[in-house]
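Chemist: Next come the chains, spelled out residue by residue.
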Amino acid sequence: MITNTKCECGHQNPVGTVLCESCGKPIEDDGSAATLEMRYDGVARRSQKQNPTWLDRIWNFFSSVKIAVWLIIITLLGAALGTIYPQETTFLNLDPAVYYKQTYGTLGDIYYRLGLSRTYSSWWFIALLFMIGTSLVICSLDRVLPLYRALSKQQLRKHHSFLLRQRVAFDGVVPEQQDEASWLGGMAQTLRKRGYRIHVGEDGGAMLAEKHRFSRWGPYINHIGLIIFLLGVLMRSIPGWSMDQYVGFVEGQPTRIPNTDYWLLNEKFSVDFYKQDEMTPEFGARDRIVPKLYATDAVLYRCTADCAGPQPKLSEVHRQRIEVNKPLDYKGLKAYQFDYRETPMILSLKPSLKNRQTGEVYGSFELSMTKPADTYRVGPYTLKVKGFYPDFGLDDKGLPMTKSNDPKAPAFIFQVTGPGLPAGGAPYLYFARQIDKAQFHEQEINGALGQQFDISVGSMQDVKIASYTSYLNIRVDTAMPYIWTGAAISMIGLIMGFYWQHRRIWLRIDGRRLAIGAHTNKNWYGLRADLAGALGKNGIAVAPKSLETRGNRA
Amino acid sequence: MNLGSLSSTSLLIAFIIYNVSFLVFVLALAGKRWSGRDPEAHQRRWGKAGFALAVIGFAAQLVYFFTRWAEGGHIPTSNMYEFMTFLSMMVICAFLIVYLIYRTPVLGMFAMPVGIIIVAYASVFPSEVQPLIPALQSYWLKIHVTTAATGEAFFAVGFAGGLMYLLRTVDYQSDAAAARKERRGVECTLFVIVTLIAFVSAVFGFNAAGYKAQFAQQTLVTDKSGAQQQVTQKVDYVLPPIFAPNGAETVQMTPFLGMSKPLFEAPSWMEGANAGRKLNTVVWSLLGGVVLYGVLRLIARKPLGAAISPLLQGMDPDDLDEIGYRAIAIGYPIFTLGALIFAMIWAQEAWGRFWGWDPKEVWALITWLFYAAFLHLRLSRGWLGKRSAWLSVIGFLIVMFTLVGVNLVIAGLHSYAGV
Ligand code: HEM
Numbered sequence: 001m002i003t004n005t006k007c008e009c010g011h012q013n014p015v016g017t018v019l020c021e022s023c024g025k026p027i028e029d030d031g032s033a034a035t036l037e038m039r040y041d042g043v044a045r046r047s048q049k050q051n052p053t054w055l056d057r058i059w060n061f062f063s064s065v066k067i068a069v070w071l072i073i074i075t076l077l078g079a080a081l082g083t084i085y086p087q088e089t090t091f092l093n094l095d096p097a098v099y100y101k102q103t104y105g106t107l108g109d110i111y112y113r114l115g116l117s118r119t120y121s122s123w124w125f126i127a128l129l130f131m132i133g134t135s136l137v138i139c140s141l142d143r144v145l146p147l148y149r150a151l152s153k154q155q156l157r158k159h160h161s162f163l164l165r166q167r168v169a170f171d172g173v174v175p176e177q178q179d180e181a182s183w184l185g186g187m188a189q190t191l192r193k194r195g196y197r198i199h200v201g202e203d204g205g206a207m208l209a210e211k212h213r214f215s216r217w218g219p220y221i222n223h224i225g226l227i228i229f230l231l232g233v234l235m236r237s238i239p240g241w242s243m244d245q246y247v248g249f250v251e252g253q254p255t256r257i258p259n260t261d262y263w264l265l266n267e268k269f270s271v272d273f274y275k276q277d278e279m280t281p282e283f284g285a286r287d288r289i290v291p292k293l294y295a296t297d298a299v300l301y302r303c304t305a306d307c308a309g310p311q312p313k314l315s316e317v318h319r320q321r322i323e324v325n326k327p328l329d330y331k332g333l334k335a336y337q338f339d340y341r342e343t344p345m346i347l348s349l350k351p352s353l354k355n356r357q358t359g360e361v362y363g364s365f366e367l368s369m370t371k372p373a374d375t376y377r378v379g380p381y382t383l384k385v386k387g388f389y390p391d392f393g394l395d396d397k398g399l400p401m402t403k404s405n406d407p408k409a410p411a412f413i414f415q416v417t418g419p420g421l422p423a424g425g426a427p428y429l430y431f432a433r434q435i436d437k438a439q440f441h442e443q444e445i446n447g448a449l450g451q452q453f454d455i456s457v458g459s460m461q462d463v464k465i466a467s468y469t470s471y472l473n474i475r476v477d478t479a480m481p482y483i484w485t486g487a488a489i490s491m492i493g494l495i496m497g498f499y500w501q502h503r504r505i506w507l508r509i510d511g512r513r514l515a516i517g518a519h520t521n522k523n524w525y526g527l528r529a530d531l532a533g534a535l536g537k538n539g540i541a542v543a544p545k546s547l548e549t550r551g552n553r554a
Numbered sequence: 001m002n003l004g005s006l007s008s009t010s011l012l013i014a015f016i017i018y019n020v021s022f023l024v025f026v027l028a029l030a031g032k033r034w035s036g037r038d039p040e041a042h043q044r045r046w047g048k049a050g051f052a053l054a055v056i057g058f059a060a061q062l063v064y065f066f067t068r069w070a071e072g073g074h075i076p077t078s079n080m081y082e083f084m085t086f087l088s089m090m091v092i093c094a095f096l097i098v099y100l101i102y103r104t105p106v107l108g109m110f111a112m113p114v115g116i117i118i119v120a121y122a123s124v125f126p127s128e129v130q131p132l133i134p135a136l137q138s139y140w141l142k143i144h145v146t147t148a149a150t151g152e153a154f155f156a157v158g159f160a161g162g163l164m165y166l167l168r169t170v171d172y173q174s175d176a177a178a179a180r181k182e183r184r185g186v187e188c189t190l191f192v193i194v195t196l197i198a199f200v201s202a203v204f205g206f207n208a209a210g211y212k213a214q215f216a217q218q219t220l221v222t223d224k225s226g227a228q229q230q231v232t233q234k235v236d237y238v239l240p241p242i243f244a245p246n247g248a249e250t251v252q253m254t255p256f257l258g259m260s261k262p263l264f265e266a267p268s269w270m271e272g273a274n275a276g277r278k279l280n281t282v283v284w285s286l287l288g289g290v291v292l293y294g295v296l297r298l299i300a301r302k303p304l305g306a307a308i309s310p311l312l313q314g315m316d317p318d319d320l321d322e323i324g325y326r327a328i329a330i331g332y333p334i335f336t337l338g339a340l341i342f343a344m345i346w347a348q349e350a351w352g353r354f355w356g357w358d359p360k361e362v363w364a365l366i367t368w369l370f371y372a373a374f375l376h377l378r379l380s381r382g383w384l385g386k387r388s389a390w391l392s393v394i395g396f397l398i399v400m401f402t403l404v405g406v407n408l409v410i411a412g413l414h415s416y417a418g419v
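Listed in order, the protein sequences are those of chains E and V. If you read the first sequence in the UniProt record's numbering, its first letter stands for residue 1, the second for the next number, and so on. If you read the second sequence in the UniProt record's numbering, its first letter stands for residue 1, the second for the next number, and so on.
There may be inaccurate statements among the hints.
[To be verified] List time: in silico DMTMM-like cross-link candidates among lysine to aspartate or glutamate, alpha-carbon distance up to 20 Å:
1) K331(E) x E349(V)
2) K522(E) x D316(V)
3) K326(E) x E349(V)
4) K408(E) x D395(E)
5) K437(E) x D462(E)
6) K275(E) x E128(V)
7) K545(E) x E40(V)
8) K464(E) x D436(E)
9) K261(V) x D236(V)
10) K292(E) x E349(V)
11) K275(E) x D287(E)
12) K292(E) x E128(V)
13) K408(E) x E342(E)
14) K537(E) x D179(E)
15) K234(V) x D287(E)
16) K153(E) x E210(E)
17) K371(E) x D306(E)
18) K275(E) x E71(V)
19) K142(V) x E323(E)
20) K386(V) x E37(E)
21) K302(V) x D171(V)
22) K545(E) x D316(V)
23) K25(E) x E8(E)
24) K292(E) x E71(V)
25) K261(V) x E249(V)
[What the hints assert, rightly or not] Footprint (simulated), chain V over chain E, 3 or more residues, beta carbon under 8 Å:
26) 62-68
27) 73-80
28) 278-284
29) 292-306
30) 324-331
31) 493-506
It should be emphasised that the hints constitute simulated quantities derived from the structure, not laboratory data. All C-beta atoms in this analysis are idealised placements derived from N, C-alpha and C, irrespective of residue type, glycine included.
Produce the complete structure using the sequences and hints provided.
Modeler: Written out as structure tokens, the structure is:
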């Protein structure tokens, strides 16, 4: 089908044009007086091609705002479905297959089986986001170029049926005792004062006053921001771009952050509660304990050599106090205060070897409860570590064993050699904690050796204790800058589009006849006020409301 | 007078002035047809008075806000009571701004009650100043909560605009199916509002009468080390227990209208002691809403919408349409910034993830998507007038569900304590 898109003003318009690109006359002027549809100034969009190919069809699908709204609504409903029951990700270690049925009955089971317990990572939800993204790209491209063209080559002298069929319009005559050119000049002056830019035609009989055209780009800038944001979200699934793990750090012991070359030392964990005088009396009377602060004094090390070995070489790279809302941040590696546990345990001791009979002290040695050395030399004696039980217990046969790897009740078997002992040495079972010494009868077990020697700590200064384990959430999110950039761009676009409006007033004089049409993308109230105000200043008194051509529709 | 009582007194004063302001706005419209008056002049004069009162009330609420801030040492937006009061303050603020643009008294008649009901609703929650737990100690949180509330406040004004439009344009004479459907929709919306009022009144009434019931329930709690423990949880009821928590023992209960023990027990799939209380609250609200609506209906002798709509005749629907839309257009960027962007920044600071699909977050997203759909339909599909008005009403119901319903029905990380 060939449609004639040549306008009477001589301009050849592309197929799909609604209003002539040049003079604004409706292409299919049926002589009606109904308000014109000014969307995109009536220009043709790419999606309005004739004889579309399959590629065009896809393009057309995604460029349709109707489809976009459907996509948005479906996404919205899908997101709502996901909040009916808690998502699986809320639980750390539960069997979802059992949990939903047990907790929420049959409905819960159906919910689980439909995959709604993983709504936000389901293929259909991600596909929806993907489609919104595609639609954003295509839709913006489809419109922004034609709109740009239309706005940058506006002809000043518009057709009467364009002017008078605007939603705000005026049809009258130039006031008496004024010639047209000076009246137009006065009008231009007034509108310029109101912030309009004035374009006057060469022949002098037409004018366009325009304001805040940039706000028309707001929605597109917003959409570009959204696209960047969505891309940023997608980038998070690139391997290595994001890490998320929870690691416990015992006080005083550098611990490796799994899968990295970093070690983190929790020097000290503090928890603090509000005191009575820090609460209002009313709340204080409730006798509730409210935490005030959780903090981990952390030191971050980077391993320089022997990273896999027992004695890695660490060099300090960063030192920071981590609090809730104040994560450690080192080159994109972040550590968030997540949780803590009271885990009183001995880290290391400095016991002395004594002669029980004479009281002579042979010396002392630094004994780690987690990684003891192979041998210790104390004065003339050598203590070889033959057995190490961090969490000492006895198995069914009464043999020593360890119940766990945490130094909850550390015990050591030393092979002691030196003066006055057999050549092969003699075994000595040593308990780190006083309470275990008594419970397991350390002295009796060690027999003759126990009569002769005593290994023990002198004072609390010789004991290093960790009271807390701080749990930190270790994260890397390389895509964050993209996400923030997208959000910022989007925000700029929104502000441009919503807090400014593109207002245009076209004015045309033929003889004494004056025709004005005005258009804005929002805030008709302001536009009417602008026009009525300017007319009033120039000798034509009109009520703003009377410029509205639509009248009361209801 | 200490800060605490200065603060609560100011709030009470603000509340009273708001109510007076609302009545003045109503009279500005209703009084137009009083004999011997120039309707225009009457409306202008009374409208000005209503506006001035709203400004004074707002100032009083600002006094409340800043004295409470001084008393607690942190900005008062950290629990449900404080948040709701703040929201109501912003609704009034948004109303004042939109009023300054359009200067129509009818907006006062619809927007003021929204603010008033939210203040009243706020006072249902425990009002004492609470110390801040570490997770809430972040200035991003404050920025997030305040901007989100400001955006929502403009949506509230948009809601008022939409409702105005509907009451102005819905046909109360016609017998056509479409008109009947619209009338029903408007009545339903008004019923929701009436229900909220009934709920607040019920809580106030029973509180004032010193009503109290307490239940003890055995619940299984998993502690940090993974061990399960039986714990006795106590739940306090403010409203007489139509539904007691499932499997709970009555510790104490003031009899009410000869009801000395709970009528029913919450179904067993409602886990936890609070679920029973929430169910009880919902049932009470619905009952209260039905009763109050019935009474109003008897007084009016016609649908409430039909009773209100004559006040709006003479308003230009196009203006109402624009007012409602404009409020939403002002609110949308603020909401985006507050409820999504600042929320993401804070979540990133606090939890190391900018988004976690927590129900509160999801509902903020749903609200945002809904208003995005609204804007697209309006701009590109020409959904003006009635359709747009319906969407602004529904949009605000979604906002309220996010604030109230999600706490009541779904509980996530963000939830504050409830009634
Ligand atoms: C969640 C996703 C989206 C958001 C938040 C969004 C937001 C917006 C906003 C705020 C406006 C300005 C509306 C106004 O000024 O009243 C707008 C305009 C628009 N949007 Fe979107 N949008 C989204 C997705 C889409 C999609 C997928 C399409 C694709 C078809 C689309 C097409 C448009 C068009 C054509 C406009 C009109 C632009 C103009 O004024 O020239 N939007 N959008």
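Chemist: For a quick check of understanding: which of the numbered hints are violated here, in increasing order?
Modeler: Checked against the structure, no hint fails, so every one of them is satisfied.
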